[in-house]
Amino acid sequence: MSSTVTPLKHETLVIVGNGMVGHHCIEQLIEQDALARYDVHVFGEEHQRAYDRVHLSEYFGGRDAESLAMCNADYYSSHGVKVHLGEQVLEIDRERKEVVTGSGRQPYDKLILATGSYPFVPPIPGAEGNSRLVYRTLEDLDGIRAAASGARRGVVVGGGLLGLEAANALKSLGLEAHVVEFAPRLMPVQLDDAGGAALKARIEALGVGVHLSRATQEIVAGEQHAYRMVFQDGEFLETDLIVFSAGIRPQDALGRVADLEIAARGGIVIDSECRTSDPAIFAIGECASWNGSVFGLVAPGYSMARSVAAQLAEKPHEPFYGADMSTKLKLLGVDVGSIGDAHGATPGSRSYRFIDEATASYRRLVVSANGKTVLGAVLVGDNSYYDTLLQYAQNGIKLPADPSALILPQTEGAPTLGPDALPASATICSCHNVSKGAVCCQVDAGVTDLGELKAVTKAATGCGGCNALLKLVFDAELAARGVAVDKSLCEHFAYTRQELYGIVRVEGIQSFAELLAKHGRGHVGCDICKPTVGSILASCWNQPITDPALIPLQDTNDTFMANMQKNGTYSVVPRIPGGEITPEGLIAIGQVAKKYDLYTKITGGQRIDLFGAQLHELPDIWGELIAAGFETGHAYGKSLRTVKSCVGSTWCRYGVQDSVGMALRLEDRYKGLRAPHKIKFAVSGCTRECAEAQSKDIGVIATDKGWNLYICGNGGMRPRHAELFATDLDDETLIRIIDRVLMFYVRTADKLQRTSVWRESLEGGLDYLKDVILDDSLNLAAELESQMQHVVDSYQCEWANAISDPEKLKRFRTFVNDGRADPDIHFVKERGQRRPVRASELHLIPLTQEVL
8 MSSTVTPLKH ETLVIVGNGM VGHHCIEQLI EQDALARYDV HVFGEEHQRA YDRVHLSEYF
68 GGRDAESLAM CNADYYSSHG VKVHLGEQVL EIDRERKEVV TGSGRQPYDK LILATGSYPF
128 VPPIPGAEGN SRLVYRTLED LDGIRAAASG ARRGVVVGGG LLGLEAANAL KSLGLEAHVV
188 EFAPRLMPVQ LDDAGGAALK ARIEALGVGV HLSRATQEIV AGEQHAYRMV FQDGEFLETD
248 LIVFSAGIRP QDALGRVADL EIAARGGIVI DSECRTSDPA IFAIGECASW NGSVFGLVAP
308 GYSMARSVAA QLAEKPHEPF YGADMSTKLK LLGVDVGSIG DAHGATPGSR SYRFIDEATA
368 SYRRLVVSAN GKTVLGAVLV GDNSYYDTLL QYAQNGIKLP ADPSALILPQ TEGAPTLGPD
428 ALPASATICS CHNVSKGAVC CQVDAGVTDL GELKAVTKAA TGCGGCNALL KLVFDAELAA
488 RGVAVDKSLC EHFAYTRQEL YGIVRVEGIQ SFAELLAKHG RGHVGCDICK PTVGSILASC
548 WNQPITDPAL IPLQDTNDTF MANMQKNGTY SVVPRIPGGE ITPEGLIAIG QVAKKYDLYT
608 KITGGQRIDL FGAQLHELPD IWGELIAAGF ETGHAYGKSL RTVKSCVGST WCRYGVQDSV
668 GMALRLEDRY KGLRAPHKIK FAVSGCTREC AEAQSKDIGV IATDKGWNLY ICGNGGMRPR
728 HAELFATDLD DETLIRIIDR VLMFYVRTAD KLQRTSVWRE SLEGGLDYLK DVILDDSLNL
788 AAELESQMQH VVDSYQCEWA NAISDPEKLK RFRTFVNDGR ADPDIHFVKE RGQRRPVRAS
848 ELHLIPLTQE VL
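Counting from 8, one number per residue, gives the positions in the sequence shown under the working numbering.
Calculated directly from the structure, the hints in this document are not laboratory data.
For every residue, glycine included, the Cβ atom is placed at its ideal position computed from N, Cα and C.
Hints should not be assumed to be uniformly reliable.
[What the hints assert, rightly or not] Computed beta-carbon distance windows for the label pairs: (1) Ala190 to Gln55: 27 to 35 Å; (2) Ala190 to Arg818: 13 to 21 Å; (3) Ala365 to Thr694: 32 to 40 Å; (4) Gln517 to Leu759: 16 to 24 Å; (5) Leu816 to Thr455: 22 to 30 Å; (6) Lys573 to Thr740: 39 to 47 Å.
[Claimed, not checked] Derived PhoX-like pairs: lysine-lysine, alpha-carbon spacing no greater than 25 Å straight-line: (7) Lys405 to Lys178; (8) Lys478 to Lys405; (9) Lys89 to Lys465; (10) Lys537 to Lys478; (11) Lys322 to Lys494; (12) Lys817 to Lys337; (13) Lys337 to Lys461; (14) Lys777 to Lys758; (15) Lys602 to Lys836; (16) Lys758 to Lys685; (17) Lys537 to Lys815; (18) Lys573 to Lys817.
Generate the whole structure from the sequences, applying the supplied hints.
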């Protein structure tokens, strides 16, 4: 009879710190089979087991502590790891090789310090008590939530990554949020001056106040708010709570007391093996200093953890020689990317810059003196360039003849870097050090599911920034081997948008929660699936987007049914079907604009746009417009925007059909349709084409026999002429065909796909679409028409729906407990109307301009 002999564990390993890096070290020890050699004890100062600090801000968005946890409750015990939560290590006794806690002593043979960092709070008089909040742990966030109760304004001291996340948290709690930064720009480590300026403009446009080059001298009692922050220049800012996020400091106190070598700027000194000055003690993560540097990202900490775990398992390991600090972030919804030498500090380096002040977008590419390799990059506003630039930088890929093409707006013929161009050594996931070669190996081993690939390699399970690149490489490798590629919408839904539309329609699913529970994975969804499902639900059932279950799926514009502008105010666009308006209607709009002092402009779609409305004014403005006979123009939605028209046969001597009458009919029919992207129509009364119908998603041009229909055109950054689809149609046939085209588009398009791109992606092209729509080759015509009729029959004005519901009206406040206006929004007179101006620009206004 045979028996299994379990080897005795002859050494004790103590890990101090149960954060992300400490937890990853345990995972690596388990994976490397090192636990057969050690009894492992883990001490964590917090009462929660390791949780995901990278996504900490989601705690305010509905995620609980359990969903943020990095392992199941029984993970440690099932592997024989003894965890001591809520137990702080007070001292290291190096002579006796013991750690001292409040409850006793624990011997060790090997010790790993993974104590992380702590928030730096500047020594400002008055920065104590209730005013002193930090943004680091779940307990800190609970404190911020409690302090926000009853507060109106919150200030974050620090304009770095965590500071901007904290500002977003304050905003999500309903507070007016401000950021105070000592440096002259936001994110001074990652961004250059122009990048910082672009980020500032975008964040201010979201309603967050930004105060740069400000040093707080003291915090005293306020007059309008609880506290007053007095700046060095004598100016001040009052607030109800203050969150300090002015950087981090290595949590190296244990090392100092134990007389380990400490770096000049803090941090426990380690060598390339992550050993401290005591050979029995390792340090990993933010508490460690290698070559004088402390690394404040999770990826370098994970690299250290892997190295130490391999050494303890007596297996080959990679020494730690520093780390790439490139980052891809989304701060308050704004894309920010920083790669390598972002500041162009390398001698002889050259820079290419793209600046779009209209959208506050900025891109900078730093290349070597010989112009052959990428050294660094800065991105603000659009991170779609990030993965390509990172691979050029990391792998020394030769630049195209015109390097600037890598950051210019993407057009046909622009240089691309497909997965095939990446070497096997290219790093796909820096958090877990997963290369393209590792992905290929898993595909060769039979992995065909993205979720399985993530589970096996851990790729994209750290910060998540490599998700898109990982999927791109994975899909390319599957396709190269003749394997069907997974077209999942995201990690929460293993379906395409088209498939999800079918599920929602067939099963009659009415909510995101129901769809996720029946056909998805996870608890809360993501920025990909939530708006996509929101669009599908709106297209299928046409329920008010302001219903409580649908609000979390909307973006800012849809949430408040108005377009947010750069200074945090909103523009209001009432529907003016076909551009036709009565004198009484013009007078009513003028009276509203005059009463609320709104900037007015006639748009390219024959509407009147009213700019400068504050959040609390929107319901009152809507109410007056509705009373005058107007309704929402859906200018904020992925829906029908406008139906432009000429004056047609009624007035024009060249017109052959009543283009205005047809435009009114089309706009009235399709005004409630929600789609994957915005839709624009135009109707021209003759072939002179004054309404420019051939640049629209749906274009109608009159002939002496009826109407010619053009489809799938658009203007914008990638203009495309519409294509002639059917000719000489009578009124009813025209509308039936448009019904079918639009519903087939809604049914089959990808997320955020314009009709022009959808048309180009259709296999079989225009002939296929004609077969489906005109010849009914799929027997769908009656169903598509019926679905459109449901949209028509269920239409209701979203403005009217909101102002008739007291609960919905509660969201339209600048301050959660106060109906006052935003005091930080300022205007000046220009060309007879007011324009927005930031508070920081007030001293630059000429005396000839009047400050309102």
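Here is what the structure says about each hint:
{"no.": "1", "hint": "Ala190 to Gln55: 27 to 35 Å", "result": "holds, 33 Å"}
{"no.": "2", "hint": "Ala190 to Arg818: 13 to 21 Å", "result": "violated, 35 Å"}
{"no.": "3", "hint": "Ala365 to Thr694: 32 to 40 Å", "result": "holds, 34 Å"}
{"no.": "4", "hint": "Gln517 to Leu759: 16 to 24 Å", "result": "holds, 23 Å"}
{"no.": "5", "hint": "Leu816 to Thr455: 22 to 30 Å", "result": "violated, 50 Å"}
{"no.": "6", "hint": "Lys573 to Thr740: 39 to 47 Å", "result": "holds, 45 Å"}
{"no.": "7", "hint": "Lys405 to Lys178", "result": "violated, 44 Å"}
{"no.": "8", "hint": "Lys478 to Lys405", "result": "holds, 24 Å"}
{"no.": "9", "hint": "Lys89 to Lys465", "result": "holds, 24 Å"}
{"no.": "10", "hint": "Lys537 to Lys478", "result": "holds, 19 Å"}
{"no.": "11", "hint": "Lys322 to Lys494", "result": "violated, 39 Å"}
{"no.": "12", "hint": "Lys817 to Lys337", "result": "violated, 28 Å"}
{"no.": "13", "hint": "Lys337 to Lys461", "result": "holds, 22 Å"}
{"no.": "14", "hint": "Lys777 to Lys758", "result": "holds, 23 Å"}
{"no.": "15", "hint": "Lys602 to Lys836", "result": "holds, 16 Å"}
{"no.": "16", "hint": "Lys758 to Lys685", "result": "holds, 12 Å"}
{"no.": "17", "hint": "Lys537 to Lys815", "result": "holds, 20 Å"}
{"no.": "18", "hint": "Lys573 to Lys817", "result": "holds, 24 Å"}
When the structure is compared with the earlier hints, violations turn up for hints 2, 5, 7, 11, 12 and for no others.
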